[in-house]
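Chemist: Dock chain B against chain A, hints included.
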Amino acid sequence: MMTFSTPIIRRFTFPLAAMLLAMALGLRPAHCVAAAAYKQADLIAVLQSDSPPSEKAITCKRLAIYGDGKAVPALAPLLADIQLASWARIALEAIPDPAADAALREAAGKLKGRLLIGTINSIGVRRDEKAIPVLAGKLADADADVASAAAVALGHIGSDAAVKPLPPLLTKAPAKVRPAVAEGCILAAEKRLSEKNFSEALVLYNAVRSAKVSKQKSLEAIRGAILAMQSEGIPLLAEQLKSKDKDIFSIGLRTAREIPGPATAKALLAELKQSDPQRQAKLLLALAERGDPEALPVAIQMAEEGEQKARLMAVNILRKLGNPAAAGTLMKLMTKDDAELALAAKRVLMRLPGKEIDSAIAVMLKDQKPEARSQAINMIMQRKTAGMVPTLIKVAQTDSEQVRVAAIKALGKLCGVDQLQALLGLLAKGKSADDIQAAERAVTSVCMRSAKIATGNVVILKAMYGDLPKGKKADVTRKVLKMVGDGKLEIEASNNNFGDPAPSTFKSLQIDYKVAGRVDSKTAKEGETITIAARAVDPACTEAVLAALPGAPLEPKKALLRILRAFGGQSALKAIRIASTDANSEIRESALRALFEWPSADALPDLAKLARNAPSETFKILALRGYIRLIQEQDAPVGKKVTALKDASSLAKRTEEKKILLAALGTVPAVEALTLVMPHLENPALKEEAAAAVVGIAEKIRAPRPPAVTEALGAAAKATRNQQTAKRAKALLK
Amino acid sequence: MDQIRKSNSRKTATELSRRKFLTKATKAGALLAFPTIIPASALGKNGSVPPSERIVLGGIGIGNRGSYVLGCFLAEEDVQFVAICDVKAVRRKSIKARADSKYGNKDCSMYRDFRDLLAREDIDAVLCATGPNSHTLVSITAAKAGKDVYCEKPCTKNISQSLILADVFRRTGRVFQCGTQRRSLPNFGYAVDLARLGRLGKLQTVYAHPGGLGTKMSGWAKADPEPDKEVADWDMYLGTAAWRPFNNGLLRNGFGFEKGGGLTGGGCLEWGSHCVDLCQWANDADDTSPIEYEPVNGELHARYANGVKLVMRNKGWMAMGSCPVRFEGETDWVETGDNANMASSSPELLLDRGAKIGGYPANFHVRDFLDAVKSRGQTRANADAACHAHITCHAANIALYLNRKVHYDPAKREFINDDEANRFRSEALREPWRI
Chain A
1 MMTFSTPIIR RFTFPLAAML LAMALGLRPA HCVAAAAYKQ ADLIAVLQSD
51 SPPSEKAITC KRLAIYGDGK AVPALAPLLA DIQLASWARI ALEAIPDPAA
101 DAALREAAGK LKGRLLIGTI NSIGVRRDEK AIPVLAGKLA DADADVASAA
151 AVALGHIGSD AAVKPLPPLL TKAPAKVRPA VAEGCILAAE KRLSEKNFSE
201 ALVLYNAVRS AKVSKQKSLE AIRGAILAMQ SEGIPLLAEQ LKSKDKDIFS
251 IGLRTAREIP GPATAKALLA ELKQSDPQRQ AKLLLALAER GDPEALPVAI
301 QMAEEGEQKA RLMAVNILRK LGNPAAAGTL MKLMTKDDAE LALAAKRVLM
351 RLPGKEIDSA IAVMLKDQKP EARSQAINMI MQRKTAGMVP TLIKVAQTDS
401 EQVRVAAIKA LGKLCGVDQL QALLGLLAKG KSADDIQAAE RAVTSVCMRS
451 AKIATGNVVI LKAMYGDLPK GKKADVTRKV LKMVGDGKLE IEASNNNFGD
501 PAPSTFKSLQ IDYKVAGRVD SKTAKEGETI TIAARAVDPA CTEAVLAALP
551 GAPLEPKKAL LRILRAFGGQ SALKAIRIAS TDANSEIRES ALRALFEWPS
601 ADALPDLAKL ARNAPSETFK ILALRGYIRL IQEQDAPVGK KVTALKDASS
651 LAKRTEEKKI LLAALGTVPA VEALTLVMPH LENPALKEEA AAAVVGIAEK
701 IRAPRPPAVT EALGAAAKAT RNQQTAKRAK ALLK
Chain B
1 MDQIRKSNSR KTATELSRRK FLTKATKAGA LLAFPTIIPA SALGKNGSVP
51 PSERIVLGGI GIGNRGSYVL GCFLAEEDVQ FVAICDVKAV RRKSIKARAD
101 SKYGNKDCSM YRDFRDLLAR EDIDAVLCAT GPNSHTLVSI TAAKAGKDVY
151 CEKPCTKNIS QSLILADVFR RTGRVFQCGT QRRSLPNFGY AVDLARLGRL
201 GKLQTVYAHP GGLGTKMSGW AKADPEPDKE VADWDMYLGT AAWRPFNNGL
251 LRNGFGFEKG GGLTGGGCLE WGSHCVDLCQ WANDADDTSP IEYEPVNGEL
301 HARYANGVKL VMRNKGWMAM GSCPVRFEGE TDWVETGDNA NMASSSPELL
351 LDRGAKIGGY PANFHVRDFL DAVKSRGQTR ANADAACHAH ITCHAANIAL
401 YLNRKVHYDP AKREFINDDE ANRFRSEALR EPWRI
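Read top to bottom, the protein sequences are chains A and B.
Everything in the first sequence is counted per the working numbering, starting at 1 for the first residue and increasing by one.
Everything in the second sequence is counted per the working numbering, starting at 1 for the first residue and increasing by one.
Extracted from the complex, chain A is given alone in its bound form:
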């Protein structure tokens, strides 16, 4: 964007220039060393040299930070320079040394027009008391803009001496200057107000109020006067609130927000009672934004008795007030037919704190309408009101299915393991399919939530380190595997561990892994640590579910088997095996389906057997798919995996399962796996999956690769029509 002409660059005469250029070009890096190395003497030398204005301009900026009184003599002459005056004032406004004030005062006595105005403005910012005579002299300047600048600067200085000339000018000054005089007076009055010098502040505000100034200045003075009068200002406030003039009424509303205390609230309320609806809304809002408790009964009354629009407004004001005492009203509104109003009431209710709200919701639970009771239950769930669990358990056994299901869902969110028996009881007594499904999910949710960290049987699936996700990164799976193999389960994301694949970036480590059959993924930023662990269901949960199994009716029992499948573990598997031989065919089917989806390798022998002997072809296929899945996920030596996959290969008859098998083979880094894959390269229906498997296997075998691998890669590259697969194969062949 910013470019320097070549001659300018050539004129830089010392190292500072290079940095100045970079700064001017906006090229400064985020974390470069601070510019503390700037030497004032060098900067002054630039100003006193014949350097071009652009260099001097930037130098002024630097002196604003690194200059002191010694820089002032170099800066002062620039105040008369039409191009550099604004740059010089950047430095002179910032340098604390009194020499800067003196330079500005001196310039104010010599300059004219815009340059003089800028200088006066800087004097005002610095609040230079010694400049008061100079500024006072400028109040009568023929240039109205100069006189105006002086008036405002005197207001900024704000001392008695500074402000003294201003009030008379509120009437005597030329019309063009009067607004600035009023501003100066108000600035000085604000200073007194903040210093608790209320009487003097009031004098100035009143001076402005009584003068012929713009309406806006008059409004500012009204506000200030009310604040300066403190408690005695309430009548003046009330006067504004009664005004038919929109602007005056508005300044009353805004000022009311600045005055604490019940007197202001009383004034607002008094006006509210005799106002039209539109003004009532504004007055009520002012009360609410002040946090006045007086607003509550008004808002409640309006919410209960007002017109539809007024009710909606009142509900939103109740939200602002955040007072639990509005709970009863909001509960009533929630059951109204007006959906917009009901939703608004619900949202407000959800935000309100306090036991009053919980009590109000409990009352709503007794409502005749199922919709109301369901809403109450949802609110209990979202508010996480754990104390309502016993009530919800009772409600979950009522006649309305809608209410029962809502209650069971809520229990799933609120219960702990110690309340699991009650949930299992609800499951056993489920009156409908929806009841049972809700209870099944609730039990699973409670148990999974209370699961504890488990370690052991760790399988690292993939680990990446670098500028994730899209920047430079490295596959560090092998490194993480070795660390875990060495017994390390806490892995730090650091260059020490993984090198630096993406220099100058803030890197992350992502590890995809599996513990006890459960897949998980964690990401840590550089310097943080990933703990490789998985959550295992509390044995107490498994025991409770197993205990409920024998006496459960048919449908609940099927649900319990599905829950056990989600839990996993030896004792659960044992129960599933027993159920798979149950006399009831539906139980048997549920148990078998649980086995097909079993989460850990414990079920491998069962699946191997079922893939051969299951009671139907469909079940054999499902068993085989589960078998192949668990073979690749198990934590076992490569040879054992190959043997198992070979066994599965003998059972796979259909193309669909063969494809699944080839995908599994592609994850095994063994030449023996290739021998199972190669025959399929010639099968048109399977050659793409086979080629991908060959490449997958080869990628996992470290170079130098055996000739069989190279040969297989060549065949795969030849067989595949998938460009990505071919590219990967050729890359390995190089």
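Treat the hints loosely; a few may be bogus.
What the hints assert, rightly or not - Taking beta-carbon pairs under 8 Å as the criterion, some of the chain A residues facing chain B (in silico):
| # | residue |
| --- | --- |
| 1 | S122 |
| 2 | I251 |
| 3 | T255 |
Keep in mind that the hints were calculated from the coordinates and are not lab data.
Built from N, CA and C at the ideal position, the CB exists for glycine as well.
Modeler: Below, chain B alone, put in the same frame as chain A:
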């Protein structure tokens, strides 16, 4: 500079008490205002709006962003757009044609000098969408002229301007809305609610995407032939920025020109004025700023007096679109961004999240402003909230520029025992401007 120090020193217990009360009132407006506080319908918005109930609007500096926001205003039935001011003739004509086409008349007036537009007594409010260089000047001048202001962000160039902006809007009683429209979008508001209502447990860390953490300064480019001021008024364009010769590149890059101003600025103010602002909101910190700032490994870490940590980082975000934020409490966390997706450690926390509105539209924010203009209530992104969010960004930029930790005292409005950092708080305005 001295103004900041002196204005602080004269604060008294009474003043603080009144300010504290005012802050409470301000926060009540900004923080608990979801959805619209007073339905516009209750204030005469819907249907055929009588002229007396319409908000008469003027636009100042309407380029790309301004054109979009202006569209949000024009879509509201209770807005009457009557005037455009821009330093570029081509933009003035374009906006006038758009307005005249909408209203079927030729009434939209064109101005080159924003003071002429502000002098019109019939105008109630202005949309300020100039480049960031002029946001503070135009907003404050408008307030002093009795106009309410919707101002695009970033609104200020330094800490001093941020404080003066808040002071002026308080003093004048005018309504101010900073164009941080994410404050009016449900996903951000809901995430903030989770943090503020304690649903995440005690708040620990808030994360903001600053959209870059590089600091930049403005400079002096080569002189190009200057066009007639009726075509492009370079002097008005420079505004409060120190003088430099006309340059086409600087004129074209209105949004980048002097953004942040002073020696610092840039990225942190780009999205920071959105994301840091949301973090401030989540931490109930609309009336304060962090007390320490430190660059750490490409991030900026800050800490509030209440112990909550603010992290500005460009990386490590979930797929939530631009301007993401993340709030972490003792027990749970939530993350969201411009695509309106939300993620949380506990999905049930998001059950009541409401409508999913992506694409960061400004129409809700504009409506919030218009409602406040009518009700005289507080906008969600009022001047106090904007002031402190901007101060946080400016202080962060100063720490980044100095490449070291700085300590800031929000009550005293100064860096502690740090003359170097303190000199960054303010910068002289080019003549004849003052705020």
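Chemist: Indicate, hint by hint, whether the structure satisfies it.
Modeler: Right, here's what the structure says about each hint:
Interface restraint check: S122 (chain A) against chain B, minimum CB-CB distance 6 Å, threshold 8 Å, status holds. Using the Cβ-Cβ criterion of 8 Å, the hint placing I251 (chain A) at the interface with chain B is satisfied: the shortest such distance is roughly 5 Å. For the restraint placing T255 (chain A) at the interface with chain B, the shortest Cβ-Cβ distance is roughly 7 Å, inside the 8 Å limit, so the hint holds.
Of the numbered hints stated above, none is contradicted by the structure.
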